[in-house]
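J.: The residues making up each chain are set out below.
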Amino acid sequence: MGSRYLARKIFQAILTIAFIVLLNFVLFRMMPGSPDRVLARNLPEAARAELRSRWGLDKPLIPDQLVAYVAATARGDLGASFKFNGRTVVEVLSERIWPTIILFGLGELIAIVVGLSLGAYSGWRRGGPIDYVGNGFSLVLYSMPYFVIGMILLLVFATGLGWFPTSGMFSLGHRFDSFPEQVADFAWHLFLPLMTVAIGLIGQYSILMRSSIIDTLTEDYVTTARAKGLTDGRILRSHALPNARLPAVTLIAINLGYVIAGAITVEVVFNWPGIGTLTVIALNARDYPMLQGIFLLLSISVVLANFAADLVYGYLDPRVRT
Amino acid sequence: MTSAPLSAGDLRAERIRLRLRGWVDFARRFARRRDGVAGVVVLLFFTLLALFPTVLVGPLQTATTAPGLPLEPPSLEFPLGTDDLGRSMLNLVVHGARISMVIGLLATVVTVLLGAVIGIASGYLGGRTDTVLMRITDFFLVLPTFVLALILAPIILDLIGSEGVIFGIPSTLVVIVVVIGVTSWASTARIIRSQALSVKERMFVARARVIGGSGAHIMWRHIMPNVLNLIVANTVLVFAGAILTETTLSFIGLGDPLLPSWGVILNSAQTSGAPGLGAWWYFVPPSVCIVLVVLAFTLVGGALDDVLNPRMRARR
Numbered sequence: 003m004g005s006r007y008l009a010r011k012i013f014q015a016i017l018t019i020a021f022i023v024l025l026n027f028v029l030f031r032m033m034p035g036s037p038d039r040v041l042a043r044n045l046p047e048a049a050r051a052e053l054r055s056r057w058g059l060d061k062p063l064i065p066d067q068l069v070a071y072v073a074a075t076a077r078g079d080l081g082a083s084f085k086f087n088g089r090t091v092v093e094v095l096s097e098r099i100w101p102t103i104i105l106f107g108l109g110e111l112i113a114i115v116v117g118l119s120l121g122a123y124s125g126w127r128r129g130g131p132i133d134y135v136g137n138g139f140s141l142v143l144y145s146m147p148y149f150v151i152g153m154i155l156l157l158v159f160a161t162g163l164g165w166f167p168t169s170g171m172f173s174l175g176h177r178f179d180s181f182p183e184q185v186a187d188f189a190w191h192l193f194l195p196l197m198t199v200a201i202g203l204i205g206q207y208s209i210l211m212r213s214s215i216i217d218t219l220t221e222d223y224v225t226t227a228r229a230k231g232l233t234d235g236r237i238l239r240s241h242a243l244p245n246a247r248l249p250a251v252t253l254i255a256i257n258l259g260y261v262i263a264g265a266i267t268v269e270v271v272f273n274w275p276g277i278g279t280l281t282v283i284a285l286n287a288r289d290y291p292m293l294q295g296i297f298l299l300l301s302i303s304v305v306l307a308n309f310a311a312d313l314v315y316g317y318l319d320p321r322v323r324t
Numbered sequence: 467m468t469s470a471p472l473s474a475g476d477l478r479a480e481r482i483r484l485r486l487r488g489w490v491d492f493a494r495r496f497a498r499r500r501d502g503v504a505g506v507v508v509l510l511f512f513t514l515l516a517l518f519p520t521v522l523v524g525p526l527q528t529a530t531t532a533p534g535l536p537l538e539p540p541s542l543e544f545p546l547g548t549d550d551l552g553r554s555m556l557n558l559v560v561h562g563a564r565i566s567m568v569i570g571l572l573a574t575v576v577t578v579l580l581g582a583v584i585g586i587a588s589g590y591l592g593g594r595t596d597t598v599l600m601r602i603t604d605f606f607l608v609l610p611t612f613v614l615a616l617i618l619a620p621i622i623l624d625l626i627g628s629e630g631v632i633f634g635i636p637s638t639l640v641v642i643v644v645v646i647g648v649t650s651w652a653s654t655a656r657i658i659r660s661q662a663l664s665v666k667e668r669m670f671v672a673r674a675r676v677i678g679g680s681g682a683h684i685m686w687r688h689i690m691p692n693v694l695n696l697i698v699a700n701t702v703l704v705f706a707g708a709i710l711t712e713t714t715l716s717f718i719g720l721g722d723p724l725l726p727s728w729g730v731i732l733n734s735a736q737t738s739g740a741p742g743l744g745a746w747w748y749f750v751p752p753s754v755c756i757v758l759v760v761l762a763f764t765l766v767g768g769a770l771d772d773v774l775n776p777r778m779r780a781r782r
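Line by line, the protein sequences give chains U and R. According to the working numbering, the first sequence is numbered sequentially starting from 3. According to the working numbering, the second sequence is numbered sequentially starting from 467.
With the rest of the complex left out, here is chain R (with noise of 0.2 Å):
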């Protein structure tokens, strides 16, 4: 069989075929997943809240902007009633939709990042970098991290400021991303790491440190790609466990009244006694958002395990 030498361009090309085909073959299988398209649909609804809130439902009210008098019930011109200040419902759930999903991205991001970097490095390195990492991370899982998470927020609140403001973001928001961040990496890390543990014993790795790589570039190169999908399907499921703690801490009064996200509208909800005047209106349309969220999070990141992780799939 003859056949031309490939040049680069050809090279490049069938790289992006490549590629092409097997993000194709993704959204099939995916596609095929009717829970996980379900999940998709409904958090693309509350992303394009999230994107333009003022646009959907103009400003976010504040107590002196309020239009309408307090705890009224849904009528046409509050179509879900409005709050102890005479806020519109709607709005304040339009907005909290925006803070609540980026309080709840950026936490993501720092825990999967932490978990992602632990587990990779303990799993590749192994020896005594491995059982200390390992041993802070058993630590972590036992520990019950949402009650760290509780103590550490004031803690920090008070050590700098809750007026400050951190890379244009207030201070209450970055401290609330961290806590959540620092005390949820723990079963990503065990999770990746074991992933990474059987990555390092394939061929090319141990070709990579032959030709002289150094440990740094094959994590990143060899080991980090290779363990992309379980670090994707975590990510899902990571992002919704991050709006539940949220939301949780929240309620118990660690949010931020000028930045209501779903769970500081709850909170406000308890403390004026809503539940007990019988105004469902006040908590009943963030609570049927945080469970759309949190539900959809969950069926696309099994949805996505199973798609990704075609190891899993025999078994279920």
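Next up, chain U with everything else stripped away, as it sits in the complex (with noise of 0.2 Å):
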């Protein structure tokens, strides 16, 4: 890969961080008055005075209190959540990012390889049964918030079927003999989040792919590979869908700001202890801290995350090593 491109997409990502820490700086000083008057709301006058100057409020914005911020979050300290009791920010978010990443790992991953091949599969036969059908259901998910769809799987497979659990990561109050039944319980709690989740991907990526291979189909290079002679599997595989993959890593990287958006409702609908169940709690108890890290940490993933795939695609598309 040309230094030049990485280069680049590094210097890009770094300045998006430093954007994001900015607006996180700026997001929470415009609260009424100052954070003081949220958390010392019945102090006297004097007490608080004295707070402020002890956490630096005292000071002007720019450039002290901003400095103080930015340096605070380089060292990782994204202060004391006003929820849990003296707990730190970092200290909560770290205990509660395993189980999202292990919930939205996993679903991205099925709804990739089943969302790809599907729309893969659409397209190539367009207009056929599969296209018709797959299409029409693709729609219909990529109209629905991935919370309904959770719903209506815990409905029909928790409360009704009683096959599933409805909620939590493992089994309240269940003493486990061996660690092989700890994760089978984990797995079964694991399973509707999980389909959720993919379900709703499903959707986005078939459709997303599916056009892709209907533009490919119409380049020239396709044309020629047909006029070669090749069998339409062989034509599929090694002209069609190359090139109909690049697209697909950039929309999945952009897409990913909304499946966050979907990821939070999944967890509140399944009660999944993760960073979305932890957002409505920081929510409804205005934990500014816990909102402005979680803020924080899933817009850098983000970021991150466009990092990595303009880095596959690097390395998928010769033409952009640059």
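Take the hints with a grain of salt, since some may be wrong.
Interface residues of chain R toward chain U, partial, derived using beta-carbon atoms under 10 Å [claimed, not checked]: (1) Leu542; (2) Leu591; (3) Gly592; (4) Gly593; (5) Asp596; (6) Thr597; (7) Val598; (8) Leu599; (9) Arg601; (10) Thr713; (11) Thr714; (12) Phe717; (13) Ser738; (14) Gly744; (15) Ala745; (16) Trp746.
Listed next, the stretches of chain U that the computed footprint assigns to chain R, with coverage defined by at least 3 CB atoms under 8 Å from CB atoms of chain R [as the list claims (entries may be wrong)]: (17) 11-23; (18) 142-151; (19) 161-171; (20) 296-308.
It should be emphasised that the hints constitute simulated quantities derived from the structure, not laboratory data. The model shown is predicted, which means the values in this text are computed figures rather than measured ones. Think of the CB as a built atom: it goes at the ideal place given N, C-alpha and C, for glycine as much as any other residue.
Could you fit the two chains together into a complex? Lean on the hints.
T.: Quick look at the structure:
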């Protein structure tokens, strides 16, 4: 990969992250009055003044407070949560991030494999029965908020049929005798939320891949391949797919921001103890340091994912490696 | 060939005739898209619900005027059952149509206005303005804007208070509208800028500049009408997105319980544990409405895009 391409992408990612940190600072300084009004609501003025000076809130916003904020953020110090008494934001976040990563990592993986295959096939056999049914389903799924899919799955498979638990990540009050038993319980709880995420994403990815394949089919190199007498399967595998993959990579990365919105709601439906339920708890408690931390974490993850997508793109498409 | 000089009246008649022919031509081409027509029918139905909810199902029921028992399944008296407060779901869902559609409409207006102004200005003015505006746009495109909306909404609500009224609209609603608008204009701006860039190079823009038209005049009278097709098709798609965003924001608790949009209803269904209690009638009706409306907008948007932007048509 060309080093100039790489350098440009790294520079862009760093610039974006710097902007995010700055935005985070500005946003939370917009709050009514200053943070001490929320935190020290019932204290006398003298005590508040003392707190203000201890927290550095009596110093000018720029540069003193900004510098202090950026330095603290760079050290990984995001402050203490209001809601989770005394615990730091980073502590709570690092505990909550794993359930989310497992749920969404696996969900994305399933959706990418199934959605892209389905989309590629429907696009290739455009107008065929699979395309007709698949595209219809994808369109409906595309219009359906994730949590609606979740509520329906929950109603049918947990409440109705009783096959799966309705909430949580482990059976409560249960002692596990062995590690495999614990993993099995985890998988049992994971299944429905995972299916929700996967189903929600499959619609998007299949629509995306379908139109991408249809676009490549009108290209000259596909006509050429056909003129050479290659079989249909061969044309799809070696000519159409590698090119149709390119926009898919970019769009999957761009989509990630929306996926996060879905993530939050799916976790709420199944009471999955990840970042999503944490967001709702923090919202209801107006736990601003926590919200700030969540915003930072999620936006930086998306920027990094976009950066990764750029690298994958550069790897897949030799034309941009300059 | 001799022809009598055209009077001003003739010219006006000719212009109206041409415009009329344009509309008829457009309607004929749109009617050929069956998915688009189906979408329009669905949207007309929901517009009707949104316009006359009180005529259709009576005034919005509240906790004090709830006629039924909590979580009654569908019956003759309550065709869609009741919620956990004993309100008729039919009543709630029909009134929800008005609230969801109004929020969606206002948020779309804000989004498209911001996107169009930034896109046209960026494309026409070019140079440093373009660079700065597009950097900001790209930043918003990368950012998970939903998360930004999520933290912006409570901050602004705390800032202005949730009881106030702005221009006769409850402030909670205004905040949701503004937050959706501010966080979703970027892709509109990108699309419109690229079109404005090509329109700018056309001869009539150069002529307008030569006879001394100001930048604002050229953007409004020459660039805007020529990107209008894109704006219209984009608006319909933005509407679908705005309704989805509103629903999701309300679902996680940022809606106003006194203004039950479909998302707010789904939020109360979730917090009252309806899916776990098997009370499907509590969340299926609003969900079906959301899916139908979003799907209809997506279909109409796709059809409009095909009909209005013929250059895309050749590709598909």
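J.: Compare the structure with each hint and give your call.
T.: Right, here's what the structure says about each hint:
Given hint, Leu542(R) at the interface with chain U, is violated; its Cβ is 24 Å from that chain's nearest Cβ, farther than 10 Å. Evaluation of the Leu591(R) hint against chain U yields a violated restraint, the C-beta minimum of about 23 Å exceeding 10 Å. At about 22 Å, the closest approach between the beta carbon of Gly592(R) and any beta carbon in chain U exceeds 10 Å, and the interface hint on this residue is violated. Below 10 Å, beta-carbon pairs count as interface contacts, and Gly593(R) has none with chain U, the closest being about 20 Å; its hint is therefore violated.
Checking Asp596(R) against chain U: minimum C-beta separation of about 17 Å lies over 10 Å; hint violated. Because the beta carbon of Thr597(R) sits about 13 Å from the nearest beta carbon in chain U, more than 10 Å, this interface hint is broken. Interface restraint check for Val598(R): the shortest CB-CB distance to chain U comes to about 13 Å, outside 10 Å, so the restraint is violated. The interface hint given for Leu599(R) is broken, as the beta carbon of that residue sits about 15 Å from the closest beta carbon of chain U, more than 10 Å.
Proximity of Arg601(R) to chain U holds as hinted, the smallest CB-CB distance being about 9 Å (cut-off 10 Å). Against a cut-off of 10 Å between C-beta atoms, the interface hint on Thr713(R) holds, since the closest Cβ of chain U lies about 6 Å away. Below 10 Å, beta-carbon pairs count as interface contacts, and Thr714(R) has one with chain U at about 6 Å; its hint therefore holds. Checking Phe717(R) against chain U by beta carbon gives a least distance of about 6 Å; that is within 10 Å, so the hint holds.
With 10 Å as the threshold, the beta carbon of Ser738(R) stays out of range of chain U, its nearest partner Cβ sitting at about 12 Å, so the hint is violated. A hinted interface residue such as Gly744(R) counts as satisfied when its beta carbon comes closer than 10 Å to some beta carbon of chain U; here the least separation is about 5 Å, so the hint holds. Taken as an interface hint, Ala745(R) checks out: its beta carbon lies about 9 Å from the nearest beta carbon of chain U, inside 10 Å. Nearest Cβ of chain U to the Cβ of Trp746(R): about 6 Å, under the 10 Å cut. The hint holds.
Coverage of the segment 11-23 of chain U by chain R holds. Counting CB-CB distances below 8 Å, 3 residues qualify, and the rule asks for three or more. Counting residues of the segment 142-151 of chain U whose C-beta sits closer than 8 Å to any C-beta of chain R gives 7, which meets the bar of three, so the coverage hint holds. Beta-carbon proximity to chain R at under 8 Å applies to 4 residues in the segment 161-171 of chain U; the threshold of 3 is reached and the given coverage holds. Evaluation of the coverage hint for the segment 296-308 of chain U: fulfilled, as 7 residues show C-beta separations to chain R shorter than 8 Å, against a requirement of three.
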